[in-house]
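Participant: Residues per chain are reported as follows:
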Amino acid sequence: MSEASLFVEAPPEAGTKSSRGFLLRTLRHQPAAMAGALFLVSMTVTAILAPWIAPYPLHEQVGPVFGPPSWQHLLGLDDGGIDMVTLLIWGLRTSLVVGFAATFVSMVIGGTVGVVAGYFGGGIDTVLMRITDYFLVIPDVPLMIVVAAIWGPSLFHIIIVIGILLWTSTARVLRAQVKSVRERVYVKRARALGAGHTRIVVRHVLPQVAPLLIASTVLTIAVAIFDETALSFLGLGDPSNISLGRIIENAFERAAISTGAWWAIVPPGVLVAMLILACSLVGGSLEDALNPRLRVAHLSARTFRLRPLVGRGEDAL
Amino acid sequence: MSEPLLQVEDLQVWFDLEGGGELHAVQGVNISLERGERLGLVGESGCGKTTTALAIMGLLPPNASVSGRVLLEGDDILAGGEEAMRPHRWVDVAIVFQGAMNALNPVRTIGHQIVEALELHNRGKGATARARTGELLEAVGIPAGRAARYPHELSGGMRQRAAIAMALACNPKVLIADEPTTALDVMVQAQILELLDGLCQDFGLALILVTHDLPVVAQLCNRCAVMYAGEIVERGPLEAIYHTPGHPYSRMLFAASPDLAGLDEPVLSIAGAPPRLDRPIDGCPFRPRCDSAFGACAVRPRLEQLAEDHAAACHLNSRVPA
Amino acid sequence: MSAEPTLLEVEDLVVRYPIHRGLVGSATRQPRRNVHAVEGVSLSLQRGEMLALVGESGCGKTTTAQAVLRLVDPVSGSIRFDGRDLVPLSSRELRPLRRRIQVVYQDPYESLDPRFRVRAAVEEPLLIHRLGGSKSERAARVRDALVRVELSPPELYLDRYPHELSGGQRQRVAIAAALVLEPDVLVADEPVSMLDVSVRAGVLNVLDGLRRNGLAILMITHDLSTAARFAQRIAVMYLGRIVEQGPAASVVRNPQHPYTKALLSVVPRRDPRDRQRPQILKGETPDAVAIPTGCRFHPRCPVAVERCSVEDPELAQPESAEEGHHAACILLAVRT
Numbered sequence: 001m002s003e004a005s006l007f008v009e010a011p012p013e014a015g016t017k018s019s020r021g022f023l024l025r026t027l028r029h030q031p032a033a034m035a036g037a038l039f040l041v042s043m044t045v046t047a048i049l050a051p052w053i054a055p056y057p058l059h060e061q062v063g064p065v066f067g068p069p070s071w072q073h074l075l076g077l078d079d080g081g082i083d084m085v086t087l088l089i090w091g092l093r094t095s096l097v098v099g100f101a102a103t104f105v106s107m108v109i110g111g112t113v114g115v116v117a118g119y120f121g122g123g124i125d126t127v128l129m130r131i132t133d134y135f136l137v138i139p140d141v142p143l144m145i146v147v148a149a150i151w152g153p154s155l156f157h158i159i160i161v162i163g164i165l166l167w168t169s170t171a172r173v174l175r176a177q178v179k180s181v182r183e184r185v186y187v188k189r190a191r192a193l194g195a196g197h198t199r200i201v202v203r204h205v206l207p208q209v210a211p212l213l214i215a216s217t218v219l220t221i222a223v224a225i226f227d228e229t230a231l232s233f234l235g236l237g238d239p240s241n242i243s244l245g246r247i248i249e250n251a252f253e254r255a256a257i258s259t260g261a262w263w264a265i266v267p268p269g270v271l272v273a274m275l276i277l278a279c280s281l282v283g284g285s286l287e288d289a290l291n292p293r294l295r296v297a298h299l300s301a302r303t304f305r306l307r308p309l310v311g312r313g314e315d316a317l
Numbered sequence: 318m319s320e321p322l323l324q325v326e327d328l329q330v331w332f333d334l335e336g337g338g339e340l341h342a343v344q345g346v347n348i349s350l351e352r353g354e355r356l357g358l359v360g361e362s363g364c365g366k367t368t369t370a371l372a373i374m375g376l377l378p379p380n381a382s383v384s385g386r387v388l389l390e391g392d393d394i395l396a397g398g399e400e401a402m403r404p405h406r407w408v409d410v411a412i413v414f415q416g417a418m419n420a421l422n423p424v425r426t427i428g429h430q431i432v433e434a435l436e437l438h439n440r441g442k443g444a445t446a447r448a449r450t451g452e453l454l455e456a457v458g459i460p461a462g463r464a465a466r467y468p469h470e471l472s473g474g475m476r477q478r479a480a481i482a483m484a485l486a487c488n489p490k491v492l493i494a495d496e497p498t499t500a501l502d503v504m505v506q507a508q509i510l511e512l513l514d515g516l517c518q519d520f521g522l523a524l525i526l527v528t529h530d531l532p533v534v535a536q537l538c539n540r541c542a543v544m545y546a547g548e549i550v551e552r553g554p555l556e557a558i559y560h561t562p563g564h565p566y567s568r569m570l571f572a573a574s575p576d577l578a579g580l581d582e583p584v585l586s587i588a589g590a591p592p593r594l595d596r597p598i599d600g601c602p603f604r605p606r607c608d609s610a611f612g613a614c615a616v617r618p619r620l621e622q623l624a625e626d627h628a629a630a631c632h633l634n635s636r637v638p639a
Numbered sequence: 640m641s642a643e644p645t646l647l648e649v650e651d652l653v654v655r656y657p658i659h660r661g662l663v664g665s666a667t668r669q670p671r672r673n674v675h676a677v678e679g680v681s682l683s684l685q686r687g688e689m690l691a692l693v694g695e696s697g698c699g700k701t702t703t704a705q706a707v708l709r710l711v712d713p714v715s716g717s718i719r720f721d722g723r724d725l726v727p728l729s730s731r732e733l734r735p736l737r738r739r740i741q742v743v744y745q746d747p748y749e750s751l752d753p754r755f756r757v758r759a760a761v762e763e764p765l766l767i768h769r770l771g772g773s774k775s776e777r778a779a780r781v782r783d784a785l786v787r788v789e790l791s792p793p794e795l796y797l798d799r800y801p802h803e804l805s806g807g808q809r810q811r812v813a814i815a816a817a818l819v820l821e822p823d824v825l826v827a828d829e830p831v832s833m834l835d836v837s838v839r840a841g842v843l844n845v846l847d848g849l850r851r852n853g854l855a856i857l858m859i860t861h862d863l864s865t866a867a868r869f870a871q872r873i874a875v876m877y878l879g880r881i882v883e884q885g886p887a888a889s890v891v892r893n894p895q896h897p898y899t900k901a902l903l904s905v906v907p908r909r910d911p912r913d914r915q916r917p918q919i920l921k922g923e924t925p926d927a928v929a930i931p932t933g934c935r936f937h938p939r940c941p942v943a944v945e946r947c948s949v950e951d952p953e954l955a956q957p958e959s960a961e962e963g964h965h966a967a968c969i970l971l972a973v974r975t
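Residue numbers (the working numbering), protein chains in the order written: chain A, 1 to 317; chain B, 318 to 639; chain C, 640 to 975.
Hint data in this document are derived by calculation from the structure and do not stem from the laboratory. Values in this document were obtained by computation on a predicted structure and should not be read as measured data. Wrong hints could be hidden among the right ones.
Said to hold, decoys possible - Here are the computed lysine-lysine pairs in the DSS-like style, where the Cα-Cα straight-line distance is at most 30 angstroms:
| id | chain 1 | residue 1 | chain 2 | residue 2 |
| --- | --- | --- | --- | --- |
| 1 | B | 490 | B | 442 |
| 2 | B | 490 | C | 900 |
| 3 | A | 188 | C | 900 |
| 4 | C | 921 | C | 900 |
As the list claims (entries may be wrong) - From the structure, some residues in chain C lie toward chain A, with a derived Cβ separation under 8 angstroms:
| id | residue |
| --- | --- |
| 5 | 708 |
| 6 | 710 |
| 7 | 712 |
| 8 | 721 |
| 9 | 723 |
| 10 | 737 |
| 11 | 750 |
| 12 | 751 |
| 13 | 752 |
| 14 | 767 |
| 15 | 768 |
Think of the CB as a built atom: it goes at the ideal place given N, C-alpha and C, for glycine as much as any other residue.
Sequences and hints are given; from them, build the entire structure.
Facilitator: Written out as structure tokens, the structure reads:
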């Protein structure tokens with residue numbers, strides 16, 4: 001008897017993919033997403049180190065109003081003679097803080113609603129989904145304007161307002177995923193064994209939906225940054241904190257365009273756009289990797305390749 | 318002897334793998350099919366039988382590369398790539414995919430889907446196509462009135478019949494059926510096999526039945542080719558393979574299915590697993606699992622004739638008795 | 640483990656699923672319809688015995704198994720486990736009993752959480768039921784369970800993820816996870832139908848070995864050949880009822896009910912020369928919503944007579960069958 005009979009079936013091969021390397025592998029496959037991720041990371045680091053790396057003081061005039069770019073001031077000066085690079089770094093900080101914090105709020109609400117609705121189903125699901133629909137239907141920006149106008153502009157208020165408007169898409173996506181995981185045989189088995197709800201959700205459901213939650217979160221950051229920028233541009237932002245939207249608003253108000261001072265208005269806009277783009281690229285690639293149905297079907301281009309036969313029979317390559 | 322209807326010569330298929338490397342899924346398959354013949358292509362998951370079937374139809378994904386010849390009545394339809402293959406696809410060679418009954422378009426009636434197939438291949442339009450659809454449905458045992466039903470309104474057996482009707486739309490000469498009865502109950506399976514039997518007789522169809530289920534092949538086909546690790550390890554008339562198997566895998570595969578006729582016999586499982594096809598195989602691919610391997614098996618065996626129509630790739634056949 | 644030989648006794652089990660009427664249906668007062676999944680099933684399972692519940696899709700075999708596991712609520716009937724009726728018990732009362740009836744599912748690719756290593760998957764039942772003592776005691780139980788399903792040496796498998804294992808190995812891990820609680824009864828729902836042919840016998844032999852050691856197994860399968868080879872008793876179901884049951888060899892070699900005879904005749908044989916005349920029934924099993932009157936099999940029965948559309952036969956002991964082999968058909972002469 002051959003030695004294979006020692007094993008009932010072949011012993012498994014070790015060292016195949018695990019979930020930890022998943023993130024890196026996904027990004028590595030898509031260079032655009034990798035670039036986006038690096039951009040986000042570097043911008044976050046810049047924002048954190050703002051107090052130390054900003055070249056000039058934030059509130060001091062260091063040159064003429066709308067001074068053009070020069071070697072000392074790479075992006076020129078704004079309407080108050082303040083260095084643009086400094087403004088951008090500090091503005092970036094606020095925008096990112098609001099973006100991340102609002103996303104965190106929305107992730108907590110949306111995650112909880114999505115998991116609870118998807119897991120328990122039935123009446124709870126219906127009630128939660130009607131609430132979600134209600135929030136979905138509300139137009140974001142007008143509501144934010146109204147709330148900001150009534151409640152008063154402060155960073156905290158902005159974060160809350162954005163947060164409670166953005167959770168809906170996360171909730172829906174998660175609910176669908178949780179519903180599907182709940183029907184998987186291993187979850188049913190755990191229930192048949194008598195596992196409690198907490199155990200099932202924590203040990204079986206959450207690990208399955210976590211990647212999707214992360215993808216959804218990244219995409220939400222993009223929207224949060226945009227919403228904050230919009231609010232600040234409309235003058236509803238926190239006046240004591242400089243954000244990228246605020247910079248654009250200032251420049252706009254103080255006639256940067258007619259003066260021809262493009263450096264006061266274009267760079268912050270470009271920076272916001274790049275942040276949103278980076279988030280979208282990373283979130284999008286994570287979503288693609290997680291949802292097999294989003295992958296382009298290979299049915300589209302059904303052309304097999306022919307290999308020229310070199311030699312025949314045994315010599316054939 | 319007249320030319321065989323379909324001849325597959327030295328078919329090889331490679332799949333490009335993510336992260337480099339290649340999977341050598343089909344490693345030199347030769348098949349010859351006469352008019353009206355039923356051939357069983359048997360093997361377990363991963364042996365390459367479905368890939369072979371798809372390669373004959375030219376329906377492999379873009380990450381596949383193929384070499385070899387597929388001769389349909391003498392013409393190599395593989396050589397010209399997609400352009401050469403397309404006129405023959407469905408018209409001369411048709412396939413009922415694995416799980417076809419679940420792949421019917423859920424938002425179109427089955428009648429519409431068959432009409433679509435007919436119109437795509439210029440076999441009539443409008444009323445002509447509908448009439449032909451009715452004929453096809455009757456031929457597979459579905460009352461013509463059911464053409465207006467949606468797939469979800471039909472049972473599994475009915476859906477499989479509809480998939481077969483679609484494959485027969487253009488009166489092909491060769492029908493490839495990939496696991497046509499796997500997901501079906503045994504009674505419905507018997508109905509479908511009886512249907513395929515009847516269709517082959519009535520329309521002179523040649524049939525390639527791709528399946529892992531040996532007893533099904535034993536019931537419907539007269540010849541069979543057993544595949545393992547991408548190659549055919551034994552082929553010939555079923556009776557010969559059952560009573561005088563030329564390859565240990567064929568023998569062990571028969572022994573692995575419990576049979577109502579032999580309830581007291583032990584049922585064997587084959588230890589181990591098929592070899593990985595992304596690496597070159599050293600010696601006989603079945604050697605690690607074979608119960609009769611010996612020294613010569615370090616060299617990969619080739620298919621050798623054992624009798625008139627019976628060939629097997631195993632060194633045991635040429636072993637000189639001590 | 641209890642000392643009683645008859646571990647499980649099901650009597651007159653009835654399970655129905657209501658069909659959702661929806662708002663429009665309720666408003667237009669459409670009659671409430673039910674899927675009559677199980678309509679009066681009685682069976683018993685002894686220690687050290689495998690009972691195969693055989694039938695085609697829609698016959699109610701899976702629902703019967705789910706009722707035994709108390710995953711669905713029966714409308715009526717009793718399910719006695721070790722003398723105690725499970726039907727009226729609450730969730731809390733069932734919990735300690737659940738440990739003693741375990742299940743193995745059909746799909747080896749879905750029944751294990753892909754994120755759990757084998758060690759975690761087999762240990763989980765112990766953690767859920769707070770059994771097994773200390774961590775090292777649990778680890779010992781896990782290793783022991785793996786050895787019993789012939790995944791030996793267990794060290795080779797403990798740290799693997801399911802996707803690194805073959806189908807047969809995964810199924811064995813699922814069985815090990817069921818064994819680790821030392822159950823009295825194992826419900827195996829089509830345990831090998833999704834595995835390759837060459838691997839099935841290995842898993843079935845493992846189950847057979849466990850049975851010889853005292854485990855009672857209720858196997859759900861559509862494969863008569865497997866049932867005939869491995870089970871001690873077979874019960875054939877059709878549209879919610881058991882139409883024939885008895886010792887496996889007797890049912891297979893001397894079938895009494897027309898449905899059983901037809902089923903056996905269409906099972907493909909391996910020997911190409913063994914081409915029996917199959918008795919292929921027309922049509923397919925009807926929906927379990929509108930059950931035919933009288934004998935539920937009569938519309939498709941090749942030997943039905945007029946009385947069959949009126950009388951609903953009970954399981955009885957036919958003259959032509961051995962003791963313990965029952966069938967429900969009015970055409971059979973009954974032993975008095």
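Participant: Decide, hint by hint, whether the structure agrees.
Facilitator: A quick look at each hint next to the structure:
{"no.": "1", "hint": "B:490 x B:442", "result": "holds (22 angstroms)"}
{"no.": "2", "hint": "B:490 x C:900", "result": "violated (37 angstroms)"}
{"no.": "3", "hint": "A:188 x C:900", "result": "violated (36 angstroms)"}
{"no.": "4", "hint": "C:921 x C:900", "result": "holds (14 angstroms)"}
{"no.": "5", "hint": "708", "result": "holds (6 angstroms)"}
{"no.": "6", "hint": "710", "result": "holds (6 angstroms)"}
{"no.": "7", "hint": "712", "result": "violated (14 angstroms)"}
{"no.": "8", "hint": "721", "result": "violated (17 angstroms)"}
{"no.": "9", "hint": "723", "result": "violated (17 angstroms)"}
{"no.": "10", "hint": "737", "result": "holds (5 angstroms)"}
{"no.": "11", "hint": "750", "result": "holds (5 angstroms)"}
{"no.": "12", "hint": "751", "result": "holds (6 angstroms)"}
{"no.": "13", "hint": "752", "result": "holds (4 angstroms)"}
{"no.": "14", "hint": "767", "result": "holds (5 angstroms)"}
{"no.": "15", "hint": "768", "result": "holds (7 angstroms)"}
Checked against the numbered hints given earlier, the structure breaks hints 2, 3, 7, 8 and 9 and satisfies all the rest.
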